[in-house]
Each structure stands twice: as C-alpha cells, then as structure tokens.
Amino acid sequence: MSDIRELARRIAGDATGNEQIEVVVVSGTDTNVTAYHGSVEKFTSAMSAGFSIRVLLDGPSGARIGTASTGALDDAAVSEALAQARDNARFATEDEFLAFARPDGVPAPAIDLVSSHFDDLSTANKIEMALELERATRAGDDRIRQVQAATYVDYRSSSVIVSSLGIDVETTETGAYLSVAAIAHHDGENQSGYGLSVGRAGSELSVETAARDAIRRSTEMLGAVKAPSTRTTAVFDSRTASELLAIISTALSGDMVVRGRSFFAGRVGEKVAADAFTLVDDPTDIRHFAASPVDGEGLASRRNALITGGTLNGFVYDTVSARRAGTSSTGNALRGGVAGCRALQLLPGTEDFDAIIRQIGDGIVVRSLRGVHSGVNPISGDFSVGITGRMIRHGQLAEPVREVTIASSLQKMLLDVVAIGNDVEWLPGLAAGQTVAISDITVTGS
Amino acid sequence: MATDLLLDPDVIDAVLAVALAQGADFAEIFVEDTRSTTTTMDQRRVEDLMSNRSRGAGVRIIVGSTTGYAHTADLSLSGLIAAAEAARSVAQRASGGATVVAVGAPQVHAMRALIEPSGVDRSQRIDILRTADDIARSHGGAISQVQLSIADNSRRILVANSRGLLTTDHQVRSRLNVSCVASGDTGMQTGRATLAATAGFELFAPERVAQTAANAARQAITKMSARPAPSGDFPIVLANGFGGVLFHEACGHGLEADAIVKKTSIYTDRVGELVASELVTLVDDGTCDGEWGAIAIDDEGAPASRNVLIENGVLTDYMWDYVRASQEGRESSGNGRRQTYQDLPMVRMTNTFLETRDATPDQIIADTPYGVYVAALGGGQVDTSTGDFVFGMTEAYLIENGEITAPLREANLVGNGPDVLARVDAVANDFAMAPGTCGKWGQQVPVGSGQPTMRLTGMTVGGTAA
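Residue numbers (this note's numbering), protein chains in the order written: chain A, 1 to 446; chain B, 447 to 912.
Bound conformation, chain B alone (with noise of 0.2 Å):
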C-alpha cells in the first residue's frame, strides 16, 4: 500500500507537524507524480516524441488569512522539512512547539482509464497519426498542411493535511488535435479539432479518430469560400458543445469564490437574484465521467461534486476551495485546482454547462431571419470586474431567411457576461460537450464547457464587412 502512496504516511506525519511548528491553522502537503508523452506529425513525417516526467511536492500553511508555500523535487524527508520551514517562514506566532498530526486511513480513487498510456506502445501512437492524416488529406488537394499530435498525462497525486486527510487521485487524460491548412487562390485558411476526455488510450476508437480529423479538414476547406464576417449587432446561434465556452468566460469566472470574497466579481453579494433569463440552469459538475474536466477529488483533497449555479435564471451558489469556503465557514464545493505541485491551488471550473430545454436546433434555426451560426469557437477571455468577455469564431455561417447559408472568415464576439445571460431566447435538447485548457492567473488546467444548441438575441460580431 505505502507504495502506492507516493509518500510513506509517517513522513506525512512528520513534514506536517513540522509546518505546523510556528502555530499555523492548517497545513497541508500535495505530493504529484506525472509522466506525460507527446508525438507529434507535420507533413507525415514524425517530428517530435517527447516525455516529461514531473515529480515534487508543495507544502502549505495557512496562518489567519496569510498563506505560505514552498515547493520542492525533492521527496526525501530532509527536502520536504525544507519546504515545511519554508512554507511556515509567514507564519509570526510565538506559540511553537510540539504538534502531533496522525494523518487518517488513505481514501484511494483508482484510476478509471481503461489503457493506461504508459503501457502503450510508441509505435500505436503513431499508427494513429497516420491514419488521421490519411482522412485529412482524403478530403481533396486543397488541404495542403496536416499537422497532427497526440498526447497522453498520467497524473497521480495525494492529499495530506492537519485535519487527518489522507487521500489520493489518478487522472489519465487523453488528446488528439488535428490541425488543417488549405492553400488556394483567397489564400490559407486553417481548421482544428480535437478529441480528448479524461480516459487512457481506449479513448482512440477508429470512429471518433476518423470523425476528428474529417472535421478539422472540413473546417479548413469550407473557410476558404468564407466570407468577411459583418461587423455589427446580430442573434448569435451557438451550435451545441463548443458554446459552453461562453459560459465559462461569460459568468464562470465570476461565480469563482476568489472574486466574490474580494468583491471584485460583478456577482458579489447577488444569491437569490435573477441573473439570466429563466432557460438558463448552469451547473459546474467535477464528476461527469470522462469529460475533459472530471476529477475525483480536487487538488486539495474534497470530493468533486455538481454544484448548482443557476437555476432558470436566479443565481444560487458559488464556487468554492479551501481557502474561500473556510473563510466563510462552510465547505469546499470541490473546486480547489492547481496547475502542478509548484502552484498554488485556486478556485477553478471543472465541466461547466448549461442544461437542455426543450426546442430542437433546426426550430431555433428556422426561427432566425438573420443571424449567425457559430459551429465552433475558439478560446476567450473575460474581465471579472466588469463582465466584458470576448471569444473567437473559428468557425461561423451566416443565418438568412432561417437557413445556414455562407461561411465566415475567422471574427471575434464581444460581450458583456450579464447582458449576454439575459439575452438567451431559445435552448434546444442536444446537449453536448467539448474540452477546453482554462489560463486563470496563468495556472493551465483541463476543463470541460457544454451546452445544448442555443440563441441569443444580439451580440457584438467585429467583421470587417460593412
């Protein structure tokens, strides 16, 4: 079992009761070993096979509101004391002396992968490079780039802290992206798609390899009849999965407890409120199986878990981690995430989505006079003190007379989170997700956004077309 572990539980003991020794309210060790693998193929040829193994822990305290860390690759005993002085170097109370702290019996959450990656052999990673190159290039001459990569994480961490917590996670995560370019006379334009879930190599089916790479080359070959996207006010239909971007950067991050304990979220102090329109119920669920953002327990330790943030419009909870839920005297909701063992953990999304309703996509097409048709965004970006978010379309259509008609060049949508919230007139019930890598502060993290096929009355679309 201590094997299993990653640290021996009597070492655990000792490096917290040394952290503690300064008189702290909590300490904590996080202890992460990750091996990860990319390959990589541009042209056909295999570029690049890299692996990286990533192995440390980071000690924390917490001393009234002050935090102190430090991390370290170091995992012999006398490397962790390090970090635990470190660590404790905040913390200014004479109270001293001997603290005991007896971890409780490990909660272990195995992994759920069904392969694990490391006993994948390289060559049928790249087996399956080629055969997404072939089906991109099966889609004509004008695809005259493929750039593909695969890429696997393995990532086992433990949890230990003052309050008798000893608990650890195995995250297997999985990813294909293929990257198109097609060449003609209106010059290059690119397409992207990727399949990744929280699961090992079984996630690599020859269906979904064949349909993600067909995408990509799809993307990159209808963008070359695109048109300039119009500049200017119109409803936006958002096409199922990929629109839950917009709710991660039009509302998520200001639902994060961080910005609303600091009162720098345009949400602080608004439970109970009408916040959206009444078809809008926004859930964060850190146990949805597979999705790119599933988690057992977060990188502090608690259980991930759903948690309601709107329900038909009114506004009924936060997000929360350890620090922010303490202060406010109730539990953590599951979501305290940090990049590696070198960061500090942070309230994070994990698969964020809006919920169906009952409208069928082509209805809510039909519906629309004119408009346009997002199939696929790219990332965004919000500004929680104001709501103003912006995100790219890597893929739009214009909407005439309730038909998807004409492609559009590459535009971004800006908005305002609020605004946006109250603009959704139509929900339909094809739910569906899509995987995604959330910045905050710089911290990298996996999450999952989703969402069923929708409108919104009007959002700002900045084309170049009149």
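Pulled out of the complex, with its shape left as it was, chain A reads as follows (with noise of 0.2 Å):
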C-alpha cells in the first residue's frame, strides 16, 4: 500500500453530510535524454506528482462538483486543495445529471502495464543508446544532413484513484520510447521526418527501427513538389490514419452527443461508414500502449464496438454523460471530468500497404498531416488539412508531394472508406494505426 493511497482515502474520508470527495493522484519518475553532435545536450531527471480533489454537494435540484489540483504533496498544500474545491462546489449550478462513479461490480481487466525489464538499463545504456540513434541516422543514408534530436525517453507512472463512494483503485504503468527528427539534404532542399520506436522498457526498443523510419519519411519527401489538383483517393498510412481515426472519436464521445456536438447525434443504428469500417474502443486490449485496467474514474475499462460493419452501434460515456443520456458508464471517464474514446482499434482487412497501392492504381499516399486543430470541426465535419506524401501512379509510389491540401467532410470520408489494411501498427497514443484508403478526396495543390 502507498503512503500516496493513504493520504488520498483520509482525504476521501473527510467527506460529511451531502458531500463526496473524489481524490485522484498521479504521480512518477522520467528519464529523458537527447543527444546531439555526439555528446548529450539534455539530461532530464525527474519524479513528479499532482494531486486533484473534486468535491460534490448534493442539493435539492441536484449536485454541485467544485475541483482543485496541486503539485505538491505536503498537508498544508493538501489541504488547501480541499478547502478550494469545496469553496469551488458551492458557486457552481446545481444540477440533476452530476454524480461521481460508483463501483458498478465490473471486473477489471487483469493486464500487467509494468515491465519487468523496466529497471534493466543503467542511466549509461540510455545515454548510449540516445547517442547510437543520432549515430545510426546520419550514417544510414548520405542525405541525412542534420539530426535535430534523438531522444530516449522511459517513465513510470502510478495514479491513485479513492472515492468516499468506495472507489479505491492505483495502476502503475512503465513505457519507453526512442525518437528522431532527422532533415535530409539534396540539391539545397531541406526535408525532415520523424521516426519512432516505442517499447514498456528501455530493453524493448530498437534504434535500427526508429532510424530507418526518420531516413525513410525525409529522404522519400526530397525532390518534392505540389500536386496536381484534383479529386481522387487518398492513402492514409498508419500513422496519419491513426490521426484521422482519432479527430473521429471527438463525436463518439457521449458527452459531445448529449451536448448536441456531434454530427453522430441521433444517428445510433445508421449506417455512418463503409462496411469494412468496423472501429472498437478496448483498453483492455495490452497489446495497445494505451491500455489501462480503469478509466479516470476507476471504473473497470471494457470493450465497446462504436461502429460495426459500417453501422453506428453507440456511443462512450463517463458517469454524468451516461446519466445525462439515460444509459450507464462505458469505462470512458477522462481525466478532467469528460468522456472520450480511450484505445481504438479498426478491424483490420486482408491487405497489405503495397497491395491496397497497387488496386488503387492511382491516388495519393498521405505521410503526415498538418494543421488539424484547425482545419478540421469534430462539430459541423468540415475538414481541410495540409499534407505531405507521395502521388500513387499505375500501382506505385511515385513522387513526393508537399504544399498539397486535402479536403472532404469527416461523414462522407467514412462512407468513402475503400480499403483497410492488415497492417496493424500500435502507435502510442489514442488509436492504434492501419492503412485506409478513402475516395473522392479533394487534393489541392497547383
């Protein structure tokens, strides 16, 4: 048992009357190191902690939740916390629909998030390995003229979750990931990319991996010029694919369904998407760097199928959402009182990258998206987005492409789904990524 478990039930404890204290405490140790030039340029070490108190006042017209977090762990700081989220609850509306999270007698998920190979390299190793991956990068292809970072990073985290309502869980997680932003050079161009290998251990990782991915994704984008405008079928990669399917989720979400924001709203049972498109939210999945055995509520995680075969099956919902949408909690609380989607997975297909690229015969392969935040509305649909990538002439890749837009809306590009692969990546982050090919794309370039 932590002393950090420990202070979160006394706090959790102190609740009276019509009140109840939620007492959510992450807290854990990072390692960072960047190497540049062949020597360290940064050595970060640090343990940190956050502590974040919601305090709920039950009233006559219904609840009232007041929160508050602090960094620090001592008493006075603690309890000042407290003393600012009940402050906090007492100005809010009162409302029907707020409760916090009772245990609902689902089991959670026996998964193990901890390596057991976490502590197995010494400070010198990560250091060494942050060095072998600048090293790797510029020897593996003449054209790699600059290496702006080569980082190796690992953490563990554990997070404490009590409720004076008999919520009392803590998971701990460990994770490792090595990345590089290499920039190639030819002729007086500049081009960059980024490769990526991601590990629960600094032991599970590979610099030949992350290497090859950098060299790869800024050398093939040399020689690149606009696209041609035109309409036509974009290959997402498992990178950008995994973006896309993660601006998607913004309208599963239940709490922007019973809010009116989502262009899913009303929609349950319809198709929404090609039959290929089959999406399901399980962070109960290990093999998805986002699993976890609960939600930020401490409710088990569960599968929830969002889309099957192109049909619209639900939503995911927190506590208050749930309750607002006369249903019950998915396991999809977020930290900061939301519902979202939490590990997505889509079903994959029978074909590879290369063999959707050849049956598409002619298109565009998108490499990296840009401007997301602010060309695409998870509201009205609308999306507009830069990208780089590569033309897809008679079956091939053919030349890179950058200063090219991309536009469509986000309902008809998932009924536009033409192909998915089986080319299953588990990227971190919040989707797990594939290759889709989605037609009728507007591509503007020159």
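To be clear, the hints were calculated from the coordinates, so they are not data collected in a lab.
There may be inaccurate statements among the hints.
[Claimed, not checked] Straight-line distance between alpha carbons at most 27 Å, and here's what the computed BS3-like set of lysine-lysine pairs gives:
{"hint": "1", "chain 1": "A", "residue 1": "Lys271", "chain 2": "B", "residue 2": "Lys708"}
{"hint": "2", "chain 1": "B", "residue 1": "Lys709", "chain 2": "A", "residue 2": "Lys226"}
{"hint": "3", "chain 1": "B", "residue 1": "Lys708", "chain 2": "A", "residue 2": "Lys126"}
[Claimed, not checked] Where chain B lies over chain A, by a calculated footprint (3+ residues, C-beta under 8 Å):
{"hint": "4", "segment": "3-11"}
{"hint": "5", "segment": "67-76"}
{"hint": "6", "segment": "256-270"}
{"hint": "7", "segment": "346-354"}
Quick reminder that beta carbons are idealized off the backbone N, C-alpha and C, glycines included.
Once you've looked at the hints, go ahead and assemble the two chains, each given alone in its own frame, into the complex.
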C-alpha cells in the first residue's frame, strides 16, 4: 500500500453529510536524454506528482462539483486544495445529472502494464542508446545532413483514484520510447521526417527501427513538388490513419452527443461508414499502448464496439454523460470530467499497404497531416488539412508532394473508405494505425 | 523581502554551489509559484470551477554543450539539493570541490495588473459569464448553444544563476472565451471569440465582454449561410490582428536561434539578405504592455526586449535564449521561455508583429478584383526545415469586384514561409494584436501576434468547391 493511497483515503474519508469527495493522484518518475552532435545535449531526471480533488455537494435540485489541484503533496498544500474544491462547489449550478462513479461490479481486466525489464538499463545505457540513435540515423544515408534531436525517454507512472463512494484503485505503468527527427538534404533542399520506436521498457526499443523510419520519411520527400489539383483516392499510412481516427473519435464521445455537438447524434443504428469499417475502443487489449485496467473515474475498462460493419452502434460514456443519456458508463471517463475514446482500433482488412496501392492505381499517399486542430471541425465535420505525401501512379509510389491540402467532410470520408489494411501498427496515443484508403478527396495543389 | 522572493537567497547560494560542485560552466535555479482558476459555463449552467496551484523549482546545469536538468515540488533545502545533485549527474569533470556562489541583490519586477485575480470573488467571475451568455443569445434563435470560460493565471517566478543574477517577475494573465453553436437547415456552425491580456480582473470591462460575446455569436450565424471555400491559388486579404499568426508560423519559428544554430532552419546564415517583400518589417517584442506575450523578464531572467527580425524585407537578426546566445558569444534577446518549472527553457517568441504602412484597409479590398478575405484565423503549424505551413480560416469571405461578399466555410490555407513573405503586396495602417498559444515541442506558452490588414498575391486555399 502506497503512502499516497493512504493520504488519498484520508482525504476522501473527510466527506461529511451531503458531500462526496474524489481524489486522484498521479505520480511518477521519468528520464529524458537527448543526443546531439555525438554528445548529450540534454539530460532530465524528474519526479512529479499531481493531486486533484473533486468535491460534490448534493442539493435539492441536483449536485454541484468543484475541483482543485496542486503539484505539492505536503499537508498544507493538500488542505488548501480541499478547501478550495469545497468553495468552488458552492458556486456551481445544481444539476440533477451530476454524480461521481459508484462501483458497478464489473471486474477490472487483469492486465499488467509494468515491464519486468524496466530497470534493466542503467543511466549510461540510456545515454548510449540516444547517442547510438543519432549515429545510426546520420550514418544510414548520405543525404541525412542534420539530426535535430535523438531522444530516449522512459517513465514509470502510478495513478491512485479513491472516492467516498467506495472507488479505491491504484494502477502503475511503465513506458519507453526513442524518437529521432532527421533532416535530409539534396540540391539545396531540406526535408524532415521523424522516426519512433515504442515499448514498455528501454530494453524493448529498437534503434534501427527508429532510425530507418526517420531516414525513409525524410529522404523520400526530397524533390517534392506541388500535387496537381484533382479529386482522387487518398491512402493514409498507419501514422496518419491513427491521427484521422483520433479526430473522428471526438464525435463518438457521449459528452459531445448529449450536448448536441456531434454529427453522429441521433444516428445510432444507421449506416455511417463503409461496410469494411469496424471500429472498437478497447483499453483491455494489452497490445495497445493506451491500455489500462480502469478509466479516469476508477471503473473497469471494457471493450466497446462503436461502429460495426459501417453501422453506428453507440457512444462512449462516463458517469455523468451516461446519466444525461439515460444509460450507464462504458468505462470511458477521461481525466478532467469528460468522456472519450481511450484505445481505438480498426478491424484489420486482408491486404497490406503495397497491395492496396496496387489496387488503387492512381491516388495520393498521406504521410503527414498539418493544421489538424485548425482545419477539422468535429461539430460540423468540415475537413481541410495540409499534407505531405507521395503520388500513386499505375499502382506504384511516384513523386513526393508538399504544400498540398486535402478536403472533404468527416461524414463523407467514413462512407468513402475503400480499403483497410492488415498492417496494424501499435502506436502510442489514442488509436492504433493501419493503412486506410478513402476515395473522392479534393486535393488542392498547383 | 525574503518572503516576497519565493526562496531565501542563502538557500539559493547553497543549491547553486551544489549544482556546480562537480564542475559546470553554469548553474541556474528557477522557482515558480502559479495559481490559476478556470470557471466554465455551458448552456447557462455553471459547470466547473477549478483552482490549481503549481509550485516548484528546476535546477539546470550546463557543462560544455550538455545541459542537465531536474525539477522538484519540494522547496526545502534538502529537496532542492537532491534536484541539484540529479541535474549535475551529467557533469563528468573531475574538478569538483568547493564552489562558492553569492547571488546579487534581487531585481524585483512588480505585478502590473491592477486587480490581482486571487482577490476577486467567485461570484464576480460568474456574473461576467452570465452577461456574456445573455449577449451571445440576444443575437437570435439560431444560437442554440453557448459555452464560456473565464480563466486567470497569477505566475510568480524567480531566476537565480551562477553569474550572480537574482531576479523575479509576477505575471498575471486573464482570459474570457466565448464559443457559440448556431443550428439550422444546413447543420451546425461554430463561432469563437477570445478576450485575453496580460492584465488582472480589470480586463473584463463591460464593453469588452459585450464585444467578445457578440463576435462569437455573429461568426456562428454568418457561417450558417457560408458556401464551401474554393480550392486553388487566390489573392488573400488578411484582416488586422488575427493574421499575425501567419508571421508566427511562416517565419517566426524559423528565426528562433535553436533552429539556426542547428542549421535546420531555411533562414540559417541569411542575415543581411532580402528574405521578404520590402513592405515587411517584423518585430518580436516582449515589452508590449498588456499584450498576451508580455513579460518583464524571460524564464532565464533576461529582460524582455524589442527585437527587429526583418526590416524592410531584409533579415536583421534571430531570437536568442541563454544557451544559444552563449554559444555565439552574445547576449540573450529575452526569448528563453518555458511552460512551467518542470520544463527546460528554449527559444520562444513573445509578441510578434508586422509594422504598419500607409494604405487603408478599404483601399486594399477595393483594389482586389477576386480573392478571399480572412477575418479570423485559427491555429497553424509549420515545418521549420522547409518553411511549409498550414493554418485554418475560421471566418472568411469571398472578395468579388473589390467588395467582400459571400461567407465561406472553414478551410485551411497552405503555403511556404519564404514564398509568402515575398508575396506581401499591400500593408495597411490599422494595427491590431491577438492572443494565442504557441505549442513548440509540447510546451504551451502565451504569445501575441499582430499585423495591420494586408494582402498576399496568392496562397493555396484548401476548400472543396471547384
């Protein structure tokens, strides 16, 4: 039993009368090494902790919630936060749907997110790995002129969630990654690309994978031109497809739906995507880097099918959005009192990237997306983003392109999915990635 | 005095001595105590009141070209010494021993806000949200949803280093966001407006609050009748204020010394060259009183300053932090910033803007036969190695025969920094600035961007209409 968990229990136990208290403590350590020009440019070692307290006051027309957080764990800081959360609650509007999670009897999946090899590497090993990553990237191709940063990161992070309603959980996870940003140079032109290797411990990481990825992504863009303006099929690679799924997932949040801010609202049971499109949110799948036994309110994670064979099944909810919608939580509370998808994956198709390119014949491969936050509106569905990528001609990768935008609407893009790859890549972040081809996209270039 | 300082000078001296003890060229301690509040209202319900306090310190050492860093929320002498020992673990030099540090007399920069947010009652914030909500809804039945937030941030920092510097600042920022959804036969459209400044609660004067709410509502309603944006290359007229983000993205990041020293920026080794239209004079200025990126000192203790980056089209200088400046044997330009004590500082912009010229906005529009008028821009993103950038038009109109006509749906603009700078062919006299958040390498810092109304001869608009 951790001291932090004891402290959290003590605070939650302070709830009196019409009051409920929920305490979330996230704490951890991390190491970050950046290599540059053959030496260590930056080395950061840190321990951090954050304490967040929510107080709920029951009243005649519903409940009110106030929040306070602090980065310090001393008694004075914690008492101050509790007092502020109580004060904050008194000024909120009573709302009949507000509630904290109650234990719902669903057992948390037995998934272990701590690598037994996490402590295998010494600090010197970690530094050597970052240096080796820079060396391997520079040496891998004559055209690599600069490595902006070659970075090794690992972390161990624990979350404690305790409430006066009987929630009492603690989870711990470890993680590590290598990332490298390379700049390729040829004939006075620069192109950048980054590579990644991800695992639950430093010893699982591959310098070669990260270096190769950065080299390919930077060098393949050399000689990029503006794409011809046209309407064509866009093939998202695993990385950009993962970003696209994350965007779409906003509209699957029960929060957005009950607030009337989703283009999926009122469409459960309808065909919203192509037949091949089956999307699940499954934080119980240990292969996913976003896997976790419990959600942000401490309820058990569970598998939720969101779109099956192109038909919208439903949405993801936390306690409050579920109450507003007249249903129950799907175990999808995120931190900060909102509901959202947690670990998305698409049902794989039968073919890989190369086979899909051959089938498509002519189109454009999307290697990177830019301006996603400004160019995509998950409420209206408007979609217009800048990309870099490769043209596809006669089933083969052709010239690289830049300064190109692609546009459509999210609603239409889902229906226009023409192929989904079998090449699942477990990326860090919200969604796993694989090749996704979407037809009838407006490409604007020259 | 000592209580005002966040940390006792004797403790500072002791921690810096430990940081230097294994041989380092430079040691620094950064202490922060930030209190912030956010209050949100959605559909007339006061949904969330949040208070946050972040207090801690970071110790940085520099030895040769290597930086070691550690941070802690424990401000006791033992907590800080542990951080100093962790930070210096990268120092491999044998020359250890007693290093004596004595910081100089503190330079205290007082808060410039008139009303410190912590003294404001919660109900006063809620009153402002209610007022703004009423004003937004008064714009008609099409406004189906109004979401608002009011936030403030009171940030006290102390920076001390082995060169004897001891300096503090108290930065207070306040912000109101209004977001409206208009609903009708054509679906939902959104409008957003922000009122933000480096100021205290005095920012929320009734006329400013009213104007912000009205802007958000008007934008959502206007977009209900918007048609798909065209796709292709068109002349672009950017309204004053919001367009400044173009310069932030199109060339600002490429003028940050970290990208220059690593030769990853297209602007490397180009001081003295013509890099833009002669109408372009670009300035970064942390001293602009009240603007969103205003600071008295940066997060390395260097005083904010006004730095001319491009003058009449000619590149004059870059922006510098301590590490990059000392590598080049010069002084920092006051551009070393960090999000919190948990982050290492890096080169960041403050308030970046284009200087005015003589034209009037009306002349520029009248002089444009066909093009796109961008009244508001969302965020953007740039690749500093190529200069390619993207940003979103959140409110835009067609220009036909020298007049602003139909509203357009949201779309992105793409371009290339050096290319766009050369395409500035008209700049007006109506300067304005707008607040923004810059997220370089995952660290969020407040920045201002500004420009007068201006025209670009062509940029790629990524709409869906033929």
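Evaluated hints:
A hinted pair counts as satisfied when its Cα atoms are at most 27 Å apart, and lysine 271 of chain A with lysine 708 of chain B does not qualify at roughly 51 Å. Between lysine 709 of chain B and lysine 226 of chain A the CA atoms are separated by roughly 25 Å; this keeps the pair inside 27 Å, and the hint holds. For the hint pairing lysine 708 of chain B with lysine 126 of chain A, the CA-to-CA distance comes to about 23 Å; that is within 27 Å, so the pair holds. Given a C-beta distance limit of less than 8 Å, the hint that chain B covers the segment 3-11 of chain A is violated, as 0 residues qualify and 3 are needed.
Against chain B, the segment 67-76 of chain A contributes 7 residues with a C-beta closer than 8 Å to a partner C-beta. That satisfies the three-residue criterion, and the hint holds. Three residues within the 8 Å Cβ limit are the bar, and the segment 256-270 of chain A against chain B gives 4, so the coverage statement holds. Beta-carbon proximity to chain B at under 8 Å applies to 0 residues in the segment 346-354 of chain A; the threshold of 3 is not reached and the given coverage is violated.
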